[in-house]
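Protein chains: 2
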Amino acid sequence: MYRTHHCGELRSENCGTSVTLSGWVQTVRDKGHIIWVDLRDRYGITQIVGEKGVIEDVVLDQLKGLNREDVVQITGEVIERYQKNPEMPTGDIEIKAAKVNILNKAITPPFTIENETDGGEELRMKYRYLDLRRNPIQEKLKLRHKVSLETRKYLDAVDFIEVETPYLIKSTPEGARDFVVPSRMNPGEFYALPQSPQTFKQLLMVSGFDRYYQIVKCFRDEDLRADRQPEFTQIDCEMAFVEQEDVLQTFEGLIKHLFKICRNHEFEGDFPRMTYAEAMERFGSDKPDMRFEMEFVDLNPVAKGRGFGVFDSAEQVLAINAKDCAGYTRKQLDKLIDWVKRPQVGAKGLIYCKCNEDGSFKSSVDKFFDQDALAAWAKACKADKGDLLLVLSGDLATVRSQMNELRLHMGDELGLRNPNVFAPLWVLDFPLLEWDEESGRYHAMHHPFTSPKAEDFHLIDTDPGKVRANAYDLAVNGVELGGGSIRIHDKKLQARMFELLGFSDEEAKAQFGFLMNAFEYGAPPHGGLAFGFDRLVATMGGSESIRDYIAFPKNNSGRDVMIDSPAPIDAAQLTELFLATKAVPEKQ
Amino acid sequence: MYRTHHCGELRSENCGTSVTLSGWVQTVRDKGHIIWVDLRDRYGITQIVGEKGVIEDVVLDQLKGLNREDVVQITGEVIERYQKNPEMPTGDIEIKAAKVNILNKAITPPFTIENETDGGEELRMKYRYLDLRRNPIQEKLKLRHKVSLETRKYLDAVDFIEVETPYLIKSTPEGARDFVVPSRMNPGEFYALPQSPQTFKQLLMVSGFDRYYQIVKCFRDEDLRADRQPEFTQIDCEMAFVEQEDVLQTFEGLIKHLFKICRNHEFEGDFPRMTYAEAMERFGSDKPDMRFEMEFVDLNPVAKGRGFGVFDSAEQVLAINAKDCAGYTRKQLDKLIDWVKRPQVGAKGLIYCKCNEDGSFKSSVDKFFDQDALAAWAKACKADKGDLLLVLSGDLATVRSQMNELRLHMGDELGLRNPNVFAPLWVLDFPLLEWDEESGRYHAMHHPFTSPKAEDFHLIDTDPGKVRANAYDLAVNGVELGGGSIRIHDKKLQARMFELLGFSDEEAKAQFGFLMNAFEYGAPPHGGLAFGFDRLVATMGGSESIRDYIAFPKNNSGRDVMIDSPAPIDAAQLTELFLATKAVPEKQ
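Going down the list, the protein sequences come from chains D and B. Oh and the first sequence: position 556 is 557 in our numbering, straight run, nothing missing. Oh and the second sequence: position 270 is 271 in our numbering, straight run, nothing missing.
If you are wondering where the hints come from, they were derived from the structure by calculation, not from laboratory data. Hints may be right or wrong, so weigh each one.
All copies of an identical chain are treated as equivalent in the list; a pair is satisfied when it fits inside any one copy or across any two copies.
Taking lysine-lysine pairs in the DSS-like style, the calculated list, with each CA pair at most 25 Å apart, reads [as the list claims (entries may be wrong)]:
1. 127 - 510
2. 106 - 510
3. 100 - 53
4. 218 - 147
5. 218 - 143
6. 218 - 154
7. 288 - 454
8. 143 - 154
9. 492 - 106
The shape of chain D in the complex, shown without the other chains:
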């Protein structure tokens, strides 16, 4: 071992002993006759001191020769500091250098290895191994480690077994696009990387494993949006002989445990619950941010039929009440209007109504709405003097989606989205199916194995879009952390679902025949859930971006810029796989 102690360990009581530390040079402060070197490792920083006349000249010269990020081993006596630093755990002591052994010299890093670095995103990704030296990133990955270990300990304690499911599986056209892996031993055939271990965990229930979990990598070949990764990690879980309530209780328990142990945060009482329908109506989102209210108000009764064509022709007029924002200037309001008009939101415009302190109202549609009419708006919105109403209109789905964006934006503007406040919400009763205009058929909203609610099942032939599922999501702070469902365990019902989803018998059999066969041999009722692990840890860490919670993330083109991957492969490799690459058409 190149050290007797690590750099976060020594205290006053160690004074007088000789120690050896190893680590990286964080800073060198050279005052000529005296020099201080901060030595850093994962555990902390310890100050090394060398004074002319006190230590050997040759050692002093070695200390003077050190540069940032050099790797050194230093032996010396622990001594009490003259000026203690109460900010540092090792701030009471320093090491009087007696021997300096340079283990590896470092060239100057391309950005500073400090909490606040001067490195841009791209540079930090290319030199990710240096970025990972920075304390904030190390802390995030330590949190990730802790959350994963605590997840396992908790689930083990309540009888879950971690079972590894295969990574080389079979491509299925349902859901997102698969990454595929050509098989050399079976030319012309391909494995697929799993988008989730869904069918395998259901088979484990058929096998009687009773309670399964796995922290597992999953893969989706999607066009990447910000903060999507082609490979991501799930906490994947399944339970047999359970109903929805059992699943919710079990995993609410897990989440509470994780926040308590890893964040020292205790939730009060049960997590609130809301149906999908209610969440859409009140917040225009299936994962509303519950850290603040600003609920949607249906303005149809007081806004339509007043001769304002935009509202009259709209299916839905919606308002939100931005408390205490009546003082917004023209400039601020214009900025808001521009914001909702951006293509990412896509509104045609934004109507406002200021509830002035003097009891009067000032709106951008004064021409159509007199003071009484605006007072009716304010009443509907339970607005007080000083509040600002923001109004959008359009067809129901679109206006909800736009208003959701605006609500979150206002939440940000007004500082209502504190990342260290945690507001969980179970969203229940998701629709079973959603209509896809492009393919002209229903798709499974969750996946094809989700069970319909028994009380809605009679609608399956007449109005399938109305059928609700035994499906649930957990959202925290407007982020979907996970979701799941009670599955179909009856072969006939599963066959009916495949039919509804447009699978022919042959397609269903070719792709999921093993699962349907398995259901013939005694499948228990079962259900489960999966958490997005990257997102869970980022949310726990108070961050909206998952990237820094992943040691080696890919960029938005799916590239790892550090190792420069993907990359062309040898012609010989392609030949062995009986594959040829085709020319890519030039971009126009």
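Given chain D, put chain B in place with the hints provided.
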């Protein structure tokens, strides 16, 4: 929840209470007026009883209608059994059925779901979800779960952090063949699945993570031998600022902990150690089975120069002493001779010498060796009366390899390889390089990042094959459970290694440039090790085959016969990937 208790839970003290159990029907014993049903779940078996006149007729009829593997929910009173079964944890009680709810009927399984099944390997793999219901398989996967969790708890306690490294990485020609993954977003380019996270864990050391581990899937596209899987699991570890001794101590501690907690087995003292050279000399293997002795004896001094051409022309004559086997019959000896002649061993023949109880010797080469000469053999082999010497000859490497096979075979025959005896061995000082005849160059024996021993480094130019590495393996019972090395942390030495291995500067840079760059910025001395997790668990479970310790294994052609993968993919998928499959030439 479909149950109040599970099937392994109820005891005498529960008598008189009403309970609900759910599970699978294991057996039905119908005596007409009374019927017993064994209900099974992951936790155990509970007996259900229905007696005419005691329970309702309709319930009795339901019980009579049950078949093996039906999934049922049964409510009833816990009662004391008339005839207790001390073999079963629940053997004191039974449930007087009051209500039977059939959750799912099962058709007859293709093989019996019992500890000893009548299903052949292929059938069991096709219906793996049924095979997984069998108790021996469930126990193996429970052991696997336990070992993985205990590994994590142990390593966490000694400051290791689990860091997830990427699965979509870059293909490198060194080592085994990669599985590749075409990138749709980067046409013509490919990711590779990792053979191990080797370079990433070294980067984590450069990043200052100090102690890293990961239980992680790895992938190798090799022609599969029995008991090789294209995807397998590793416990992958790395430590900074350590020397070989630190690594050995740390992971010996882990292995001892795992055997103690998961197998209730305590090892006495330190694990024995042996150099590679010694292991090859004494046992002809770099992973000798230390459960028994039967060491190789160099018979050259007493066997050569006696006019027996086979020996005289051989580089090496080796013997082993099979204790107490002088009584082997002609038939037994012929069988042994046939065994060594099989192509898997490939010996041309086998010479024996019986040390008879009367002090005489009987050998298959009596013509060339008189009693005195054979007595010299016996003396060299420290043989007693009643022992049997088995002798092979040939060039050194070949005869060692053949004798290793024979020794293991004799160990099996003589019952010296008890799977519940555990004999660990550290094998040290592996050669750095091995000569590859085919490519006419040296290959890294471990991998290109392994450091040479400082004291051998002067041989690097003159006799590179002689250079020993700071590389080590842990073998238990003749199985290599893991291995590792102290790595190179100096950029110049790493460049020299790439050169030795035949990499041009450009190749080294293209493939490992990021690692060599990283070494510029302050790499600490580091080293590590990886355990084959499937093999570790199988060995702990007392099994030589890893397949039953994997939930969903692939067969020897790399196929998952349950889900029928790999499989052709849609033409549209290939088009999106800018790929075409080429015709496979007909097999001649």
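**Request:** Please work out whether the CA atoms of residue 127 and residue 510 approach to 25 Å or closer within one copy, between two copies, in both situations, or in neither?
**Result:** between (46 Å within a copy, 15 Å between copies)
**Prompt:** How do residue 492 and residue 106 come out at 25 Å by Cα distance, when the copy is not named: within, between, both, or neither?
**Reply:** between (66 Å within a copy, 11 Å between copies)
**Item:** Within, between, both or neither: residue 288, residue 454 at alpha-carbon 25 Å
**Value:** For residue 288 and residue 454, only the intra-copy Cα distance (21 Å) is at most 25 Å; the inter-copy one is 58 Å.
**Prompt:** Should residue 143 paired with residue 154 be assigned to within, between, both, or neither, using CA atoms and 25 Å as the limit?
**Reply:** Both. Shortest intra-copy (16 Å) and inter-copy (15 Å) distances satisfy the 25 Å Cα cut-off.
**Prompt:** Quick one: residue 218 to residue 154, C-alpha cut-off 25 Å, is that within a copy, between copies, both, or neither?
**Reply:** both (19 Å within a copy, 21 Å between copies)
**Request:** Could you place residue 218 and residue 147 in one of the four classes (within, between, both, neither) given a Cα distance threshold of 25 Å?
**Result:** Cα proximity of residue 218 and residue 147: in one copy and across copies (17 Å, 20 Å).
**Asked** At most 25 Å between C-alpha atoms: does residue 218 with residue 143 qualify within a copy, between copies, both, or neither?
**Response** Both: 18 Å inside a copy, 21 Å across copies.
**Message:** Within, between, both or neither: how does the pair residue 106, residue 510 come out at a Cα-Cα threshold of 25 Å?
**Reply:** between (62 Å within a copy, 21 Å between copies)
**Asked** Between the shortest in-copy and the shortest cross-copy C-alpha distance, which are at most 25 Å for residue 100 and residue 53: within, between, both, or neither?
**Response** within (14 Å within a copy, 90 Å between copies)
In summary, this structure violates none of the numbered hints.
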